[in-house]
Amino acid sequence: MNAPLDLALRPADQDVKRVVQKLADDFGARAMTARATREQHGHGEGLADAGVPDVVVFPHSNEEVASIVRLCHGARVPVIAFGVGTSLEGHVAAIYGGVCMDFAEMNRVLVVNAEDLDCRVQAGVTREQLNAELKGTGLFFPIDPGANATIGGMTATRASGTNAVRYGTMRENVLGLTVVTAEGRIIHTGGRARKSSAGYDLTRLFVGSEGTLGVITEVQLRLYGIPEAISAAVCQFPDLKSAVDTVIVAMQLGIPVARIELLDEVQMDACIRYSKLTGFDAKPTLFFEFHGTGAGVREQAEMMQSLAAEHGGSAFEWETNPEDRARLWKARHNAYYAALALTPGRQAFATDACVPISRLSECVMETKADVVATGMTAPIVGHVGDGNFHLVILFDPKDPADRERAEGLARRCSARAIRMGGTCTGEHGIGMHKLDALVDEHGDAVALMTSIKRALDPLNILNPGKTVPVRSQKTERMSQ
Amino acid sequence: MLEPSVVAALSAVLPSSALLTRPEETRPYECDGLTLYRQRPAAVLLPDTEAQVVEILKCCHAAQVPVVARGAGTSLSGGAMPAADGVVLSLAKFKRILTLDPLTRTAVVQPGVRNIAISEAAAPYGLFYAPDPSSQIACTIGGNVAENAGGVHCLKYGLTVHNVRRVRGALITGEIVEFGGEALDAPGFDLLALVNGSEGLLAVMTEITVKLLPKPQRAQVALAAFDSVEAAGEAVAAIIGAGIIPSGLEMMDRAATRAVEQFVHANYPVDAAALLLVETDGTQEEVASEMAAIERVLKANGATEIRVSKDEAQRLLYWSGRKAAFPAVGRISPDYYCIDGTIPRRALPQVLTQIAQWSSEFGLACANVFHAGDGNLHPLILFDAGKPGDKERTVAFGDRILELCIEVGGTITGEHGVGVEKLSGMCSQFAETERERFLAIKAAFDPDGLLNPGKGIPTLARCAEFGRMHVHRGELAHAELPRF
Chain A
1 MNAPLDLALR
11 PADQDVKRVV
21 QKLADDFGAR
31 AMTARATREQ
41 HGHGEGLADA
51 GVPDVVVFPH
61 SNEEVASIVR
71 LCHGARVPVI
81 AFGVGTSLEG
91 HVAAIYGGVC
101 MDFAEMNRVL
111 VVNAEDLDCR
121 VQAGVTREQL
131 NAELKGTGLF
141 FPIDPGANAT
151 IGGMTATRAS
161 GTNAVRYGTM
171 RENVLGLTVV
181 TAEGRIIHTG
191 GRARKSSAGY
201 DLTRLFVGSE
211 GTLGVITEVQ
221 LRLYGIPEAI
231 SAAVCQFPDL
241 KSAVDTVIVA
251 MQLGIPVARI
261 ELLDEVQMDA
271 CIRYSKLTGF
281 DAKPTLFFEF
291 HGTGAGVREQ
301 AEMMQSLAAE
311 HGGSAFEWET
321 NPEDRARLWK
331 ARHNAYYAAL
341 ALTPGRQAFA
351 TDACVPISRL
361 SECVMETKAD
371 VVATGMTAPI
381 VGHVGDGNFH
391 LVILFDPKDP
401 ADRERAEGLA
411 RRCSARAIRM
421 GGTCTGEHGI
431 GMHKLDALVD
441 EHGDAVALMT
451 SIKRALDPLN
461 ILNPGKTVPV
471 RSQKTERMSQ
Chain B
1 MLEPSVVAAL
11 SAVLPSSALL
21 TRPEETRPYE
31 CDGLTLYRQR
41 PAAVLLPDTE
51 AQVVEILKCC
61 HAAQVPVVAR
71 GAGTSLSGGA
81 MPAADGVVLS
91 LAKFKRILTL
101 DPLTRTAVVQ
111 PGVRNIAISE
121 AAAPYGLFYA
131 PDPSSQIACT
141 IGGNVAENAG
151 GVHCLKYGLT
161 VHNVRRVRGA
171 LITGEIVEFG
181 GEALDAPGFD
191 LLALVNGSEG
201 LLAVMTEITV
211 KLLPKPQRAQ
221 VALAAFDSVE
231 AAGEAVAAII
241 GAGIIPSGLE
251 MMDRAATRAV
261 EQFVHANYPV
271 DAAALLLVET
281 DGTQEEVASE
291 MAAIERVLKA
301 NGATEIRVSK
311 DEAQRLLYWS
321 GRKAAFPAVG
331 RISPDYYCID
341 GTIPRRALPQ
351 VLTQIAQWSS
361 EFGLACANVF
371 HAGDGNLHPL
381 ILFDAGKPGD
391 KERTVAFGDR
401 ILELCIEVGG
411 TITGEHGVGV
421 EKLSGMCSQF
431 AETERERFLA
441 IKAAFDPDGL
451 LNPGKGIPTL
461 ARCAEFGRMH
471 VHRGELAHAE
481 LPRF
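For the record, the sequence lines run as chains A and B. Mapping to this note's numbering: the first sequence position 286 is 286, numbers consecutive. Mapping to this note's numbering: the second sequence position 114 is 114, numbers consecutive.
There could be a bad hint or two in this list.
What the hints assert, rightly or not - With a Cα cut of at most 16 Å, we get these calculated EDC-like pairs of lysine to aspartate or glutamate:
#1 B:Lys-156 with A:Glu-172
#2 A:Lys-283 with A:Asp-269
#3 B:Lys-211 with A:Glu-172
#4 B:Lys-95 with B:Glu-3
#5 B:Lys-93 with B:Glu-207
#6 B:Lys-93 with B:Glu-24
Keep in mind the hints are simulated off the structure, nothing from the lab. In this text, all values refer to a predicted model and were calculated from it rather than measured experimentally.
Given these sequences and hints, build the entire structure.
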């Protein structure tokens with residue numbers, strides 16, 4: 001799964017020592033070398049990865065970030081930006097050691113422009129913190145990947161989430177950035193203007209670049225008015241295919257549902273137990289949320305309800321008050337932990353397939369059949385409105401054969417999605433786990449991505465070993 | 001002139017009817033919609049297959065001949081202006097809609113397909129392609145992608161970059177690359193976003209997958225009159241501030257209103273200082289409740305008259321004036337110069353007031369039409385190229401407007417692109433570190449600079465000539481680049 005290590009990328013010990021010492025001198029207690037701190041910063045969620053940084057430093061300003069990157073650039077030591085460590089594909093693992101920059105103390109909402117529906121935040125602001133600070137303005141930031149990730153991390157991984165079907169992903173919602181380049185210079189991309197056709201779209205190039213092209217320090221975000229009315233509903237289906245087909249028809253009709261989430265019967269069972277949801281059966285289930293004016297929401301919901309009924313769906317179970325709604329979505333967000341709780345002692349990893357909506361039914365049903373054939377426990381959940389679904393595969397970490405079966409299932413799921421014109425990473429990103437899949441999926445374009453990486457980070461110090469395959473010049477020479 | 005060996009190589013790829021070299025054949029290609037700049041190319045090539053495009057690029061790459069791709073030539077910034085020693089690669093023959101899938105709501109089209117032809121083909125399925133630049137009856141989707149074109153509806157439905165899923169194209173080496181993919185999110189760097197708005201500097205497109213949207217059940221437009229431009233500007237801010245995202249939000253000032261009224265007779269209130277057109281679309285219920293909210297905001301912000309379209313014919317009539325603004329202004333003035341800048345919406349009243357003041361200082365009339373909802377200004381400066389000094393004053397006036405756009409946090413081009421027209425403006429808008437990134441990206445795709453040379457991204461030398469390059473402590477970045 002992981003690309004092999006390119007040992008030539010590991011910096012010389014004396015260079016690392018020099019950098020660590022200089023950071024200790026400059027940042028005092030904000031440069032930490034305790035083993036526990038470093039280990040905690042060496043991985044995200046999901047599988048643990050070998051990769052512990054040599055030092056963790058907590059910058060306070062763009063200028064401090066720039067000075068750290070300049071130092072690393074001079075010494076050719078890797079530098080990795082860290083939000084809160086909720087990424088799933090090993091994005092933050094310091095596989096070649098180096099400096100981890102934790103943005104926990106760059107967590108200010110800098111400005112909210114209510115009239116222009118935008119705001120500017122430091123990279124370490126979390127999604128929930130931003131929405132808490134927006135209380136009272138009548139605005140909100142909708143992108144919701146489940147985890148309470150930082151805006152910087154969500155930007156770097158081009159996060160989407162449960163309501164991408166209505167509000168888009170980070171790609172549509174980042175208006176501009178402040179970025180520290182590989183040489184440690186501060187640049188600004190995009191801006192407050194809503195459209196620009198001046199120059200290449202650097203903003204979107206940095207969105208989703210996983211810390212490999214520059215370090216994102218500030219983000220200008222698009223905000224939305226809190227809808228006049230919000231309501232959520234749950235609908236249960238006799239079988240998985242009926243649930244998926246309901247979604248497909250709704251999307252083709254263009255019903256502007258804010259969220260549609262699919263949980264198969266295994267996941268629903270897990271959520272009922274873990275989140276103590278009452279009044280539901282362990283059946284394939286759709287969670288819906290509707291946003292709009294009072295009349296608009298009613299209209300959308302009626303259309304959706306009649307569609308679901310045509311596919312054998314149950315009557316809608318409504319959650320209109322905010323507490324019940326929050327409970328429902330919390331249960332959805334905890335799906336991963338609920339799945340883990342199904343079989344204690346097992347580990348889980350989540351796949352991330354996304355296919356064109358017309359192939360969704362086929363892809364989900366083939367995947368389900370594959371899961372059943374392997375006899376593994378692997379619930380299916382997904383933001384199916386945009387064709388994205390996840391398989392949470394549970395396996396016994398002590399049993400290599402079981403792990404192999406789990407990885408086989410994941411590989412086949414990726415291959416299936418790609419075969420159907422889709423992608424193996426709808427929202428989790430490439431990190432270090434999916435480099436091979438990227439090459440499978442984007443053969444020719446990968447060479448270009450590598451050229452861009454080399455152009456913007458010639459020394460390969462920014463989060464090396466992630467997102468695009470770049471070999472050190474030394475290794476390149478040896479292989480020739 | 002091309003080397004005979006290059007002509008021979010191209011002749012092996014293309015039939016003689018698709019290889020134009022005589023001056024009378026190449027003259028029609030000497031400029032695009034920006035007629036201030038003209039240059040005849042050494043040859044015009046009209047391939048009709050991707051394989052021919054690949055061979056042409058390989059040949060030009062080997063002989064180091066510049067290549068300028070061209071769609072319908074409606075660019076307003078000189079994006080398709082030829083290079084003297086280069087070829088124009090016209091994609092006019094790439095005009096087939098390859099597939100149209102109502103289930104995935106996408107269409108795969110060739111780059112020479114006209115913008116409106118996509119919506120026409122999608123109409124039987126109740127679908128449409130959302131970005132609608134004013135030139136949509138003529139401009140091609142390939143050109144739209146190259147310029148990241150917008151239009152009246154992009155406030156609600158996004159720019160070209162939001163409505164394209166995948167682009168297939170060839171690099172200058174002839175290598176075919178797919179940018180983006182059919183699914184929601186393609187992994188890795190967002191090359192699709194880089195290609196959008198790259199003005200033909202990175203790749204030559206051969207196939208584009210666009211998203212189609214369900215046609216709203218109903219649309220309704222309100223026409224509101226204001227007795228000052230400032231009040232209209234405040235109303236725009238108030239509509240957006242109220243959380244309403246209209247499907248179109250356009251403004252015209254009195255000069256523009258009078259010009260179009262003479263032309264289309266839409267019965268516009270010609271004494272108003274400014275008109276707003278505010279459109280909402282969606283289901284019956286949504287349109288009714290949103291229109292009620294829009295009317296409330298317009299009234300609260302001093303609209304002196306509000307008319308709401310009663311039926312589709314009336315809706316189209318209200319729009320007819322705005323859509324015809326450019327030709328209408330063309331009728332009342334020998335020449336006009338269209339400016340394209342974008343500002344944060346809140347700066348609108350301030351910028352409009354300043355433009356009015358400069359208009360009297362320069363002694364040049366200025367008709368203003370805007371995509372007001374997203375702050376995209378199109379001041380049309382009226383001048384007479386036959387009058388000595390008029391053109392110079394016009395350009396100076398235009399530059400002042402664009403400088404002001406940058407000052408208030410905006411950009412020098414909202415949707416027309418940089419082309420040859422705004423290269424100097426790029427030096428003002430972007431710092432050297434930022435321009436270096438642009439050049440590095442260009443070099444990653446096209447290290448020899450053969451694709452559409454001299455456009456879009458200024459060389460560091462150009463900005464130095466323009467007096468904007470700041471060399472700090474003698475540390476000259478990219479010392480290897482040619483300067484002066």
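Outcome of the hint check:
{"no.": "1", "hint": "B:Lys-156 with A:Glu-172", "result": "holds (12 Å)"}
{"no.": "2", "hint": "A:Lys-283 with A:Asp-269", "result": "holds (8 Å)"}
{"no.": "3", "hint": "B:Lys-211 with A:Glu-172", "result": "holds (15 Å)"}
{"no.": "4", "hint": "B:Lys-95 with B:Glu-3", "result": "violated (31 Å)"}
{"no.": "5", "hint": "B:Lys-93 with B:Glu-207", "result": "holds (12 Å)"}
{"no.": "6", "hint": "B:Lys-93 with B:Glu-24", "result": "violated (20 Å)"}
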